[in-house]
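There are 4 protein chains.
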Amino acid sequence: MDRKVRMGMVGGGEGGFIGPIHRMAAALDGEVELVAGCFSRDPGRARSSGEKFGLPADRVYSDYQQMIRTESARSNGGRMEFVAVVTPNHWHLPVSVAALEAGFHVLSDKPAACTLEEVLELKKVVEASGCLYGLTHTYAAYPLVMQAREMVQSNMLGPVRRVGVTYAQGWLAQPGDTHGSKQANWRTDPRCSGESGCFADIGTHAHHLVEYITGQWITAVCADLQTAVAGRHLDDDGAALFKLENGARGTLTASQVCGGEGNNLNISVHCELGSLFWEQETPDRLQVKRRGQADAVYRAGVDSAYLAEKVRARLRTPRGHPEGYIEAFANLYRDFAAMVRCKRDGRCIENVHAVGDIAAGVRGMAFVRGAIESSGQSAWVPLTPYWNQGGSMLSVTVAKC
Amino acid sequence: MDRKVRMGMVGGGEGGFIGPIHRMAAALDGEVELVAGCFSRDPGRARSSGEKFGLPADRVYSDYQQMIRTESARSNGGRMEFVAVVTPNHWHLPVSVAALEAGFHVLSDKPAACTLEEVLELKKVVEASGCLYGLTHTYAAYPLVMQAREMVQSNMLGPVRRVGVTYAQGWLAQPGDTHGSKQANWRTDPRCSGESGCFADIGTHAHHLVEYITGQWITAVCADLQTAVAGRHLDDDGAALFKLENGARGTLTASQVCGGEGNNLNISVHCELGSLFWEQETPDRLQVKRRGQADAVYRAGVDSAYLAEKVRARLRTPRGHPEGYIEAFANLYRDFAAMVRCKRDGRCIENVHAVGDIAAGVRGMAFVRGAIESSGQSAWVPLTPYWNQGGSMLSVTVAKC
Amino acid sequence: MDRKVRMGMVGGGEGGFIGPIHRMAAALDGEVELVAGCFSRDPGRARSSGEKFGLPADRVYSDYQQMIRTESARSNGGRMEFVAVVTPNHWHLPVSVAALEAGFHVLSDKPAACTLEEVLELKKVVEASGCLYGLTHTYAAYPLVMQAREMVQSNMLGPVRRVGVTYAQGWLAQPGDTHGSKQANWRTDPRCSGESGCFADIGTHAHHLVEYITGQWITAVCADLQTAVAGRHLDDDGAALFKLENGARGTLTASQVCGGEGNNLNISVHCELGSLFWEQETPDRLQVKRRGQADAVYRAGVDSAYLAEKVRARLRTPRGHPEGYIEAFANLYRDFAAMVRCKRDGRCIENVHAVGDIAAGVRGMAFVRGAIESSGQSAWVPLTPYWNQGGSMLSVTVAKC
Amino acid sequence: MDRKVRMGMVGGGEGGFIGPIHRMAAALDGEVELVAGCFSRDPGRARSSGEKFGLPADRVYSDYQQMIRTESARSNGGRMEFVAVVTPNHWHLPVSVAALEAGFHVLSDKPAACTLEEVLELKKVVEASGCLYGLTHTYAAYPLVMQAREMVQSNMLGPVRRVGVTYAQGWLAQPGDTHGSKQANWRTDPRCSGESGCFADIGTHAHHLVEYITGQWITAVCADLQTAVAGRHLDDDGAALFKLENGARGTLTASQVCGGEGNNLNISVHCELGSLFWEQETPDRLQVKRRGQADAVYRAGVDSAYLAEKVRARLRTPRGHPEGYIEAFANLYRDFAAMVRCKRDGRCIENVHAVGDIAAGVRGMAFVRGAIESSGQSAWVPLTPYWNQGGSMLSVTVAKC
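Protein chains in written order, with the UniProt record's numbering: chain A, 1 to 401; chain B, 1 to 401; chain C, 1 to 401; chain D, 1 to 401.
It should be emphasised that the hints constitute simulated quantities derived from the structure, not laboratory data. Hints are supplied without guarantee of correctness; some may be wrong.
Unchecked claim - Below, computed lysine-lysine pairings styled on DSS-like, alpha-carbon distance capped at 25 Å: (1) D:Lys4 with C:Lys4; (2) A:Lys52 with B:Lys343; (3) A:Lys4 with A:Lys310; (4) B:Lys52 with A:Lys310; (5) B:Lys4 with A:Lys52.
Values in this document were obtained by computation on a predicted structure and should not be read as measured data.
Input sequences plus hints: build the corresponding full structure.
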């Protein structure tokens with residue numbers, strides 16, 4: 001049977017940012033085929049996008065519900081198998097729910113939904129559907145982030161002491177930055193983004209990175225969010241102190257108003273015997289400082305024998321031939337394709353860590369909610385109660401057999 | 001008509017290094033479709049490769065001549081339009097000639113052929129064919145290399161004074177490195193590689209990078225090649241002094257026996273008013289030092305407004321979302337696809353600099369020949385006479401109208 | 001009259017860390033002469049130290065009070081003019097007070113004293129004495145830190161939005177690190193260090209750096225201190241959220257238990273129009289990212305014409321001849337020597353920012369106190385009330401006329 | 001007896017570049033005392049310099065011969081012990097000869113003299129004198145350069161294959177750069193500099209660094225020197241291929257016309273099992289790439305236990321407290337002071353590698369001569385014959401007992 005997995009896409013029409021990224025990521029490894037799309041609610045834009053992306057006219061839609069209905073009616077061999085949700089945040093929930101309820105797997109851009117309540121609702125739908133649900137937390141899909149995870153979780157550096165993660169962008173630094181930018185507009189509009197701006201948009205990436213690398217959940221937060229540019233309705237900057245399960249402490253900063261910054265996401269994980277540093281803008285290096293040793297720089301490469309084997313399996317080129325953001329994103333598509341093939345074949349599903357599951361989505365929104373409440377009360381807020389609202393966080397939809 | 005350009009591939013079966021790179025690069029932007037392939041001379045390996053790459057069995061071949069004959073017989077709308085030549089060096093000439101003579105465009109891995117004589121012969125075939133011929137000098141396809149070219153050629157840094165280029169690899173550093181490695185074996189075998197090992201394999205990349213950025217040809221060379229690992233039959237290490245058309249001087253080092261090195265290609269271009277530095281292992285940065293100013297680091301990004309517009313057009317992501325080696329390679333495929341579409345439509349062809357033309361191929365092999373002769377004679381060797389053997393180098397097959 | 005200023009030193013005997021640094025810093029520019037010393041309370045160690053440092057036997061003491069009495073009795077032309085206090089923290093107060101009350105200027109290692117109460121008491125003594133008092137906050141004395149200050153305070157980057165400062169060391173990461181180390185012992189002993197370990201020792205450096213660069217005081221703090229290594233009596237790790245006078249926010253992390261870290265102090269100052277980054281471990285570079293511009297790296301050098309003139313005046317070498325930690329420390333001695341000469345000559349005193357004054361000392365200890373209280377209460381703590389306990393912080397002892 | 005060694009200085013009056021560096025370097029560790037000086041041939045400038053540097057008037061001279069005569073007549077306990085020669089190049093020979101013949105040790109700025117003939121003459125004088133002679137090749141005095149030497153010479157990286165050294169400056173990049181600059185004027189004037197400009201001034205540093213690290217002499221050279229800025233009489237730019245004793249190859253580039261460059265000296269040493277990289281502008285790091293291992297960065301620090309013990313002995317601060325150019329220079333003074341004390345005490349002299357001896361001076365000027373001749377003849381020139389002109393190079397004046 002065909003190795004390729006068939007994808008329908010909702011959102012991501014011409015001219016957007018994240019849609020093309022998803023399409024390139026899906027195409028790179030030849031394991032996913034775009035077979036249907038609802039790229040825009042505007043029929044003309046939907047059509048011209050579909051044409052450009054090489055789809056036949058009868059599989060291009062301007063109404064996602066119609067797309068789901070029509071595709072459901074197709075025969076098994078040609079029907080789309082999963083829906084990539086690439087819309088602004090406020091469409092994540094309805095599109096995901098509709099797809100899941102029709103029996104399609106879902107791979108969604110983050111955040112999973114606009115609010116904690118929405119994502120808890122989504123979690124129930126995911127669990128009831130028996131379908132796969134994945135979140136594209138891109139940064140966890142970089143191979144050297146997985147290497148960091150391996151090193152921390154194998155305890156080779158001893159217990160985690162302190163984590164520092166910063167995600168600094170500058171594209172909303174000035175009042176005028178929201179004028180005439182579709183990207184900027186919906187991200188600063190509570191109707192599209194939900195209850196948080198910056199913390200939901202990029203703070204959740206930072207939150208996920210901490211949990212992914214340390215293998216520990218963030219259990220409490222003390223945050224200070226602000227709207228630095230007057231006139232906005234959501235946070236555009238903030239920072240938080242946090243605690244991990246083992247008692248380790250951390251700081252998380254997320255800001256979109258740091259003039260001159262690009263996409264400066266970096267993390268340091270300090271342990272008793274050594275410290276790790278990773279910067280997204282040079283993602284193929286992992287700096288490791290160990291007591292009594294020369295500093296080390298781990299370099300990505302299928303031939304870097306000192307990397308964990310599963311890390312090398314996520315790489316495509318030898319050391320010194322840099323892979324970047326699109327390749328990280330492609331890892332998510334490759335992983336999700338593997339999961340869909342497993343499901344298709346009735347095999348059990350590998351635990352592919354880098355694709356976020358719905359539980360990670362819940363914890364992300366719980367973190368946002370906790371940060372907002374903490375900031376309002378100037379106090380520490382525990383996060384575990386939020387998780388319990390939606391059932392146990394210990395269940396993971398993607399289980400290893 | 002279809003935007004996608006149809007590609008047949010010769011070489012590049014499963015398990016090789018450069019074949020998958022070509023396929024990912026071709027797939028990334030959705031402008032090229034793999035429709036036929038002769039991935040191996042071994043029928044079984046050819047077949048399983050074709051299957052893996054999603055080709056129908058009747059378009060998978062184990063004899064490139066048969067592939068060319070059969071594809072020629074296909075109707076216009078489905079027939080492959082160009083041949084990607086991804087074989088070891090000694091097949092570059094026969095495959096390219098066969099394809100061109102049958103009217104197919106050719107996009108070839110470098111070097112164009114094994115020897116200067118071969119590439120001069122190929123040049124005649126290219127010129128007679130009326131077909132497009134392109135060489136995949138990947139490194140010139142990095143956006144910030146084009147930015148360097150723009151800055152140097154616009155004279156904003158004043159006249160070029162001195163160029164230093166080094167290409168250091170370590171994968172052949174030890175005698176045992178050729179055991180059991182297909183890659184290593186053919187590269188150190190004169191029957192497959194031609195008259196040079198390291199200088200033909202990676203020295204030509206360095207040579208092309210110098211000419212691409214400065215816009216000047218290397219006119220004379222004084223080289224010192226050696227076989228550092230005893231028992232080999234070709235150079236595995238060497239360096240050269242060189243001169244550019246304007247009298248500027250340079251050094252070029254190429255080595256595959258530098259223990260611990262990955263793919264360390266770097267270039268510095270020193271001009272009267274400033275100096276540029278680019279390193280392939282962090283390709284999305286271009287360091288610029290100008291007299292009396294703070295050092296600058298130009299960063300890749302579709303939104304980096306200070307980059308030349310045509311440089312930004314070669315990028316896919318905003319600043320801080322790194323693109324790498326595969327994306328650079330994809331630029332070549334995107335460029336070549338644009339050239340094929342132009343040709344297809346009878347439009348005149350844009351001068352897309354990053355795809356090397358046959359004249360660049362001749363100059364590359366002339367450089368190798370000059371280096372070998374210089375090294376043997378311990379003397380400077382002018383390169384212009386070599387070019388003239390094959391007709392004027394001023395003709396470029398890809399001309400702007 | 002002699003350009004050289006005469007120094008007596010208390011503490012800093014052979015084998016310590018900070019004593020030799022002070023002596024090299026004092027010697028470097030030939031403006032300070034060591035004329036007397038009480039290097040140890042152990043007479044033998046005091047004597048051998050004095051001999052090694054080239055002092056005549058009659059100016060070597062093992063009792064600081066005797067040194068102050070004896071030096072007071074000397075004639076004007078030869079008597080020491082200031083006392084460098086280089087002892088463990090708990091001696092800072094008594095030595096400084098004794099010196100000031102005897103009419104000697106004081107240049108003290110930080111912190112000014114062990115507790116907020118002590119430093120407020122010291123402040124009164126300083127004010128009553130009419131003598132100069134300086135604190136060696138080394139990091140503010142790096143030329144490019146002054147350049148950062150100039151750029152932020154001139155508003156060329158617009159209003160400050162967010163500051164992030166981290167000071168991570170690893171030398172106390174393991175329980176055994178305090179065994180057999182004099183340094184480590186007194187720093188983890190409340191009787192010698194005061195009420196805080198890490199925050200007093202290095203957190204105060206980070207605090208001072210923020211205020212020095214931004215020109216704003218930290219007005220409120222929300223901290224989370226911990227003793228990461230069981231069995232210690234003081235904090236060895238902590239982090240804080242803070243607010244600046246203009247409403248900007250920040251995070252401050254200070255830790256001595258980050259395995260593998262050396263002396264990793266770094267700061268980022270994000271403003272509306274650009275962001276600055278400085279790392280102490282490469283102190284001769286200042287990274288500047290401005291909206292719409294290539295990233296810039298300001299490089300130290302007397303010939304770096306783009307640096308502020310007063311920054312260049314703090315440098316000794318041309319660009320590319322790195323100055324480091326000792327040179328930064330020497331800037332403090334050069335500045336303090338200039339202040340002493342002014343005082344000596346009855347001239348008014350230049351406002352030399354890099355030498356911390358007693359008010360900076362008070363704010364530093366107020367920050368430590370605030371952090372401790374905040375951490376205990378899990379709440380924000382305003383710092384301004386602490387300042388007022390000791391009189392106005394607006395008075396600066398070193399005023400420009 | 002006094003630990004301090006007494007120095008007289010010739011050259012280095014106020015306003016120059018290298019004089020203050022020598023004085024700070026001499027002062028830093030308190031092992032050298034400036035007791036006499038002939039800072040200028042202009043009596044007024046000599047006097048005011050002497051006053052500024054704190055010398056009594058009767059030990060300040062404007063005639064170096066008079067200084068040598070007068071100091072010779074002083075009693076043993078106060079007389080200067082060595083002469084630091086800090087003049088423009090053409091004074092190196094006469095001042096050194098006069099000092100040596102009067103029985104004073106000499107520590108000279110490089111090059112040892114203006115021409116090969118001069119330095120061979122000087123060598124005879126050194127050998128006849130029984131005095132110590134040292135050359136301040138500063139860059140070899142950086143601790144991590146010694147670490148590189150240790151690693152290469154201990155063979156832990158296997159045999160050296162290829163060396164690349166580049167010394168790029170920009171301060172003479174434009175015609176106007178020699179106007180009004182004393183530094184620039186004498187360096188481009190054959191009467192002051194000798195037969196070479198750039199290669200003598202900085203090429204000799206690069207040459208020395210190669211030999212110091214590899215422990216091998218450069219035995220043959222093929223060079224290409226040029227005068228890039230029209231109107232000058234000496235080379236201001238050049239490059240060379242070279243060979244080492246073991247057959248390894250290298251490239252050496254030295255240029256003073258690279259616009260925007262500061263003092264960019266960097267070296268790579270590629271061996272069979274690994275490669276080393278050191279850059280003078282971040283001198284406290286040594287990058288090490290070894291086959292099959294993560295890249296390593298060795299960091300300077302008295303507490304960096306992985307550094308060779310003798311390397312740590314050349315450091316003053318713990319890891320993360322950067323030492324720089326002045327400290328490297330101070331290492332030379334500290335070493336030379338130790339040598340003088342040994343000589344003074346009749347003890348035999350330690351082999352302190354970092355201070356260049358006269359044989360290194362000869363090899364340096366032989367390299368310059370060979371490069372000039374090679375460049376004129378476009379041919380390889382062996383260097384060993386030049387050495388033999390002045391006797392065996394195997395003799396070293398500074399021998400270990």
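Structure-based check of all given hints:
1. D:Lys4 with C:Lys4: Given that 25 Å is the threshold and the Cα spacing comes to 19 Å, the pair holds.
2. A:Lys52 with B:Lys343: Since the Cα atoms of lysine 52 of chain A and lysine 343 of chain B sit roughly 20 Å apart, the hinted pair holds (cutoff 25 Å).
3. A:Lys4 with A:Lys310: holds (22 Å)
4. B:Lys52 with A:Lys310: Satisfied, since the Cα-Cα distance of roughly 22 Å is no more than 25 Å.
5. B:Lys4 with A:Lys52: holds (10 Å)
In this structure, every one of the numbered hints holds.
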